[in-house]
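Novice: Sequence order for the protein chains is A and Y.
When we follow our numbering, the leftmost residue of the first sequence carries the number 19, and every step to the right adds one.
When we follow our numbering, the leftmost residue of the second sequence carries the number 74, and every step to the right adds one.
In silico SDA-like pairs for lysine to any residue, Cα to Cα no more than 25 Å straight-line: (1) Y:Lys143 with A:Ala174; (2) Y:Lys143 with A:Leu169; (3) A:Lys94 with A:Leu43; (4) Y:Lys143 with A:Phe173; (5) Y:Lys143 with A:Val172; (6) Y:Lys143 with Y:Ile120; (7) A:Lys102 with Y:Leu235; (8) Y:Lys143 with A:Glu176; (9) A:Lys94 with A:Ile30; (10) A:Lys94 with A:Pro78; (11) A:Lys102 with Y:Gly323; (12) A:Lys102 with A:Gly50; (13) Y:Lys143 with A:Val182; (14) A:Lys94 with Y:Ile238; (15) Y:Lys143 with Y:Pro348; (16) Y:Lys159 with Y:Ile148; (17) A:Lys94 with A:Trp80; (18) A:Lys103 with A:Gly58; (19) Y:Lys143 with Y:Ile330; (20) A:Lys72 with Y:Ile238; (21) A:Lys94 with A:Glu290; (22) Y:Lys143 with A:Gly178; (23) A:Lys102 with Y:Ile238; (24) Y:Lys143 with A:Leu177; (25) A:Lys103 with Y:Ile238; (26) A:Lys72 with A:Leu306; (27) A:Lys72 with A:Ala53; (28) Y:Lys143 with A:Gln183; (29) A:Lys102 with A:Ala53; (30) A:Lys103 with A:Ala71; (31) A:Lys94 with Y:Leu235; (32) Y:Lys143 with A:Tyr171; (33) A:Lys102 with A:Leu306; (34) A:Lys94 with A:Gly50; (35) A:Lys94 with A:Leu47; (36) A:Lys103 with A:Gly50; (37) Y:Lys143 with A:Cys168.
Everything labelled a hint here was simulated from the structure, so no lab data went into it.
No experiment lies behind these values; they were computed from the predicted model shown.
Now for the letters of each chain:
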Amino acid sequence: MLDFIARRLIAIIPVLAVVAIFVFLMLRLTPGDPAAVIAGDNATSDQIADIRAKLGLNEPIWTQFAIWIGDILQGKFGESYFFKKTVAELIAQRVEPTLALALCTLAFAVCVSVPIGVMAAYRQGSLFDRVVMAFSVLGFSVPGFVIGYCLIYVFAIELGWLPVQGYVRIGVNFWQFAERMVLPSLTLSVGFIALISRITRASVLEVLNEDYIRTARAKGLSNRVVLMRHALRNAAVPILTVIGLGIAILIGGAVVTESVFGLPGLGRLTVEAVLSRDFPTIQTVILLFSVVYVVINLLIDISYTLFDPRIRY
Amino acid sequence: MSAITEEVVDSASIAAASTKRKSLWLVAIRNPNVIFGGIILLGMVLIALLAPFLGTVDPTRIDPAARNKKPGTEITMRLDDGTTVKRVAIMGTDSLGRDVYSRVLYGTRVSLAVGISVALVAIAIGVVIGLVSGYVRWADGIIMRIMDGLMAIPGILLAIALVSIWRAGLITVVFAIVVPDVPRVVRLVRSIVLTVREEPYVEGAISVGTPTWTLMFRHILPNTIAPLIVQGTFLAAAAILTEAALSFLGIGIPPEIPSWGNIMAEGRTLFRVFPHNILYPGIFLALTVLAINIMGDGLRDTLDPKMSKKV
Chain A
19 MLDFIARRLI AIIPVLAVVA IFVFLMLRLT PGDPAAVIAG DNATSDQIAD
69 IRAKLGLNEP IWTQFAIWIG DILQGKFGES YFFKKTVAEL IAQRVEPTLA
119 LALCTLAFAV CVSVPIGVMA AYRQGSLFDR VVMAFSVLGF SVPGFVIGYC
169 LIYVFAIELG WLPVQGYVRI GVNFWQFAER MVLPSLTLSV GFIALISRIT
219 RASVLEVLNE DYIRTARAKG LSNRVVLMRH ALRNAAVPIL TVIGLGIAIL
269 IGGAVVTESV FGLPGLGRLT VEAVLSRDFP TIQTVILLFS VVYVVINLLI
319 DISYTLFDPR IRY
Chain Y
74 MSAITEEVVD SASIAAASTK RKSLWLVAIR NPNVIFGGII LLGMVLIALL
124 APFLGTVDPT RIDPAARNKK PGTEITMRLD DGTTVKRVAI MGTDSLGRDV
174 YSRVLYGTRV SLAVGISVAL VAIAIGVVIG LVSGYVRWAD GIIMRIMDGL
224 MAIPGILLAI ALVSIWRAGL ITVVFAIVVP DVPRVVRLVR SIVLTVREEP
274 YVEGAISVGT PTWTLMFRHI LPNTIAPLIV QGTFLAAAAI LTEAALSFLG
324 IGIPPEIPSW GNIMAEGRTL FRVFPHNILY PGIFLALTVL AINIMGDGLR
374 DTLDPKMSKK V
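The following block holds chain A by itself, in its conformation from the complex (with noise of 0.2 Å):
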């Protein structure tokens, strides 16, 4: 097991020294002077002397992109001349909202998911599998921001039931908090309910025609613990694998979404940082959703052996 995990680590280094040579290349590869586009267009020539010596623009690129490195790994990822922050204070800031939805949106999107996919399975045909199978194309086919503002326009506009935008601090009040969190997170789940719960769908389908599903229904169990037992906990690895890979939708999802609410998180960030072409942030922002992407799915892959112990490594 422990042979695995090093294993895996390992194999996450060439892909995670892929995106950091991509994220370097990305200013290089922009027109003109990477000082000057950094130190943004109100910059004195002093500025932009000391950027060019900071980031040894002198010297070779393979110096260059050692010194870049080595900076990020040490924690140093530059500073906001847009913000006139650091950038990690920058991201510091920004980054409650974002978890915040993530989390709300994959709490509640697998809590709706999993069990609409059993319950389409187990009704295979049935009325109710149709309708689920045809939402979820649907999910996949309305873009976020439409569905965030007829939820906003229903909800908030007409019935007035929750604010229509803006974010308060978990720790400053936790009831406006959720409020503000209701209608982001259902917005950010419906493409994400919809990819899980056809997944669901077709792993328990794949299941439940399985011999040991006979014979635990011979045995006589349950309908339900038939399914959640025996069905899901077999069905469970695509399932997480499906998770994992869909942290990138949430995470594109997240900048449309932070846009249409207003939440100061790190996808309007991206968003504000592209429109002053802030690029020691975009580098950031990047950098840290792919280490972010490539991590949750690392674990995810250690997840296996606790739902299914035939897998051994």
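Given chain A's structure and the hints, the job is docking chain Y onto it.
Specialist: Okay, now just chain Y, sitting in the frame of chain A:
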């Protein structure tokens, strides 16, 4: 001698492949999902092509006198020669007085163009890299590590990063969406190449001395066509959504070219009072993507039964 056997082997396999493909196509176009999605999509294509003749006005025409009109309002338009005409703004106008109906109809062009070109370009690049990766063993390791790295960056973020380098425009947006899609096509093509190259008919073709290029294009590539068409429809659907998201965020297609995403971006500020700016392009967007996805499901069920079992 070898030339003759090669010809025999070739013509036999091609004949077999083409009859198989023909019957598959016939099944595919009879699939209800393909028909349903295809009809909606055809409607969208017609709207895109015929946009100037469907009672639209210049979608970029700014009219300060007709700002923020609700759907169905009658607007008096002053033409260049000084005469005035009355016309009903079916979908209202935006905050610059531009006609939303015209913008939505012209926006169809951008979305379809982005969807089709992203799918074609991603497949073209992906097929070449995938063939090389599956066939040339020493290149495989390097190529796949690069592809894994690209896939580790969430697609829309990668697109955002590329747009930030290249600045917004139709072509840069297309390429920014293509780059994250390429690894997916490469993986698909590579996996097919790896299975097919072990097939007896490929070994047979190698044994009679078929040149590598002939082998790749006549014996291996045809196997990828059906899965790639299925993949292509899903890529097109996702590309249309990504373009809309980028334009909606204000980092995609610039506002001079009307696209569903940037019409919605324009409608964001006044959404509470005038939801129509978001509603109508949203309906068109969802309908188009839905049609492509339904068609893709149908194509997958008929053309690629192995894959349809998986999902």
